[in-house]
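Protein chains: 2
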Amino acid sequence: MTCLNVQTSTNQYSIFIDENIRHETDKYLPKTYSSILIVTDEQVADLYLNDVKESLAGRSNVFHTVIKNGEQSKDIDTFYQLQTKGIECGLDRRSLIIALGGGVIGDLAGFVAATFMRGIDYVQLPTTILAHDSSVGGKVAINHKLGKNLIGNFYPPEAVIYDIQTLHSLVPKEIRSGYAEIVKEALIADKELFADIMDAKLSNLTTTMLKEHIFRGVQIKKHFVQTDEKEKGIRAYLNFGHTLGHALEAEYGYGSLAHGEAVAIGMLFAMEVSNDIYSINLPVDILVNWLRANNYPVHLEKINTDRVLARMKSDKKTVNDQVQMVLLSDIGNPVSVKITDMDLQNYLKSFLIKMARDRK
Amino acid sequence: MTCLNVQTSTNQYSIFIDENIRHETDKYLPKTYSSILIVTDEQVADLYLNDVKESLAGRSNVFHTVIKNGEQSKDIDTFYQLQTKGIECGLDRRSLIIALGGGVIGDLAGFVAATFMRGIDYVQLPTTILAHDSSVGGKVAINHKLGKNLIGNFYPPEAVIYDIQTLHSLVPKEIRSGYAEIVKEALIADKELFADIMDAKLSNLTTTMLKEHIFRGVQIKKHFVQTDEKEKGIRAYLNFGHTLGHALEAEYGYGSLAHGEAVAIGMLFAMEVSNDIYSINLPVDILVNWLRANNYPVHLEKINTDRVLARMKSDKKTVNDQVQMVLLSDIGNPVSVKITDMDLQNYLKSFLIKMARDRK
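If you read the protein sequences in the order shown, they are chains L and W.
Per the UniProt record's numbering, residue 1 is the first one in the first sequence, and the count goes up by one each step.
Per the UniProt record's numbering, residue 1 is the first one in the second sequence, and the count goes up by one each step.
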């Protein structure tokens with residue numbers, strides 16, 4: 001059993017990482033609760049809902065609700081529908097919400113918990129690699145039709161119970177999506193981890209490797225969120241690759257390009273911009289080759305540059321109408337930099353040309 | 001100028017109370033902001049929006065949005081519409097929302113601020129007596145169709161700028177509604193204030209009296225929210241009169257009975273229950289007479305007892321399906337008490353009979 005403790009401004013919570021611990025969910029809950037609502041999606045419900053419910057058999061008033069898979073569920077309608085469910089199940093201020101699933105479930109159910117009667121406890125049970133990132137740090141949100149994660153709170157969970165065994169049911173696209181965030185964590189904080197991952201083939205991961213990579217990723221994430229819970233400073237470094245990533249995700253329609261796949265392209269872009277601004281030579285080629293070898297979509301279909309620019313500008317990190325990008329002065333040395341619209345446009349255009357050329 | 005400082009778990013904010021200070025809004029804003037969105041309603045916009053905009057003439061990127069009057073606007077649709085407005089105006093994490101209006105505007109715009117990009121600053125400019133209560137303490141929320149204030153956050157403002165002069169535009173119903181909350185504050189904390197108000201006639205209030213009553217009400221509110229920001233304990237005493245009050249408000253349809261009018265009846269009920277449980281003799285008659293003399297609706301039209309009970313049970317204070325009521329063991333001595341369904345039903349029935357009998 002691996003356990004990490006995260007200190008927040010108001011509380012402390014533990015992240016438990018091990019195989020098969022979903023069967024022991026009950027043991028890891030920090031308190032007794034008047035009632036529990038498990039929020040999950042159709043796909044995860046089929047696989048793991050019964051395991052979790054069985055582990056809670058000794059508790060009373062355990063309810064569950066199953067929503068549709070996919071980013072589309074992170075919307076205001078599903079949010080309201082879950083509030084209704086909570087009220088109808090009789091949840092009160094001493095109740096618990098369990099988010100059983102990937103990042104969509106964690107963000108959505110977490111935001112429901114954050115706002116239900118002005119905030120009740122919730123626990124994350126991540127079932128994807130990507131969720132190693134989103135389940136730690138207390139960022140919860142839903143999407144607005146004009147942008148991702150625009151409506152939300154900072155609201156830490158009471159615990160994260162991470163059953164590595166659930167990751168074996170992931171399809172390759174989801175593995176790619178999750179690994180992109182570990183690559184991100186490596187790039188902003190851990191040269192060795194970056195090298196380790198560049199040596200790994202995603203289709204041949206052992207459980208030991210997976211556990212090790214996730215543990216190191218979570219450690220990095222923990223460091224940043226603990227130092228800067230409300231993203232006033234260094235926490236923003238975790239957005240490396242996300243300025244273009246979010247814009248591409250929205251441009252292609254949420255779900256068609258997986259979050260991490262979009263972030264992977266965003267990281268390449270941020271590395272190219274970094275190379276130019278700092279006259280350095282970050283290993284873009286090594287990363288591109290690794291992404292290709294692992295079937296990441298690295299060539300972009302014809303995209304509307306102006307619209308992508310507009311989307312980058314509507315990002316939450318924008319201040320005074322100027323895009324703030326996270327760059328690297330070296331691996332492990334992130335920097336937050338204001339980029340003018342003109343520069344951004346030029347960088348984006350040459351990046352797109354390069355990505356199209358390399359494609360041939 | 002009267003100024004009170006409120007300490008929160010993460011911050012501190014000031015409450016400024018004086019005549020005509022809406023014209024000096026700029027002076028009381030604690031920071032510079034990248035942009036400002038003033039949220040107000042049709043009625044208040046006609047009266048005071050220009051004054052506030054003029055006082056901000058030296059600032060750039062000042063926008064405003066006007067929503068419909070009334071409790072109906074505190075819904076999920078208006079909430080989402082305001083998020084859209086914020087995005088369209090280009091608000092970012094260093095922007096400010098100004099809530100110019102009564103409790104509906106404060107709760108709604110405050111909750112928008114609390115969740116816009118996971119939380120931006122907001123300032124309250126209350127324009128009703130009732131809002132002396134809601135603008136202090138950082139409780140923000142919207143209504144769910146199944147209950148009032150069920151979706152929200154604890155999220156303190158950066159300042160409260162209370163221009164007493166705006167209260168002269170209030171209609172009698174709004175004055176009644178606001179004074180009920182001051183009476184509540186008096187009953188849970190200040191015998192002298194209670195006596196002072198019982199001597200006052202709402203149609204003959206002087207500015208000095210109004211300012212004094214509001215100041216003392218805000219002081220009491222401040223004491224409770226500062227000691228217990230997240231309502232884990234004594235803050236709940238501020239809900240005195242609200243268990244039945246909220247249920248009646250919902251039962252009659254939000255808006256038909258003003259919030260404070262409903263709370264006034266709720267206080268009578270809580271006092272009757274207190275008298276029975278503690279074998280005491282709280283001045284119910286004095287309060288009933290004062291309410292009548294000031295045209296509060298104290299007789300209830302035929303109501304469905306079962307439905308009102310069900311509504312009382314869906315209250316946020318309910319724990320383990322048992323209603324928690326705030327009672328008084330004496331004026332200034334509130335107590336939180338669990339009431340069984342059976343007792344609640346009996347108390348409610350005899351209260352309704354008494355209210356019907358007294359009516360004749």
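Please note that a few of the clues may not be correct.
Each pair may be met inside one copy or between any two copies, as identical chains are not told apart.
[To be verified] Here are the computed lysine-lysine pairs in the BS3-like style, where the Cα-Cα straight-line distance is at most 27 Å: (1) Lys230 <-> Lys53; (2) Lys145 <-> Lys230; (3) Lys211 <-> Lys232; (4) Lys222 <-> Lys85; (5) Lys85 <-> Lys145.
Hints are computed from structural coordinates only; laboratory data are not their basis.
Results of checking the hints against the structure:
1. Taking the shortest Cα distances, Lys230 and Lys53 never come within 27 Å of each other, neither inside one copy (33 Å) nor across copies (31 Å).
2. Proximity of Lys145 and Lys230 under a CA criterion of 27 Å is satisfied intra-copy only: 24 Å inside one chain copy versus 32 Å between copies.
3. Proximity of Lys211 to Lys232 under the C-alpha cut-off of 27 Å is found in neither arrangement, the shortest distances being 30 Å within a copy and 39 Å between copies.
4. Taking identical chains as interchangeable, the C-alpha atoms of Lys222 and Lys85 are never at most 27 Å apart, the minima being 32 Å within one chain and 34 Å between chains.
5. Taking the closest pair of Cα atoms, Lys85 and Lys145 come within 27 Å of each other both inside a single copy (23 Å) and across two copies (12 Å).
Violated hints, listed in ascending order, are 1, 3, 4; each of the other numbered hints is respected by the structure.
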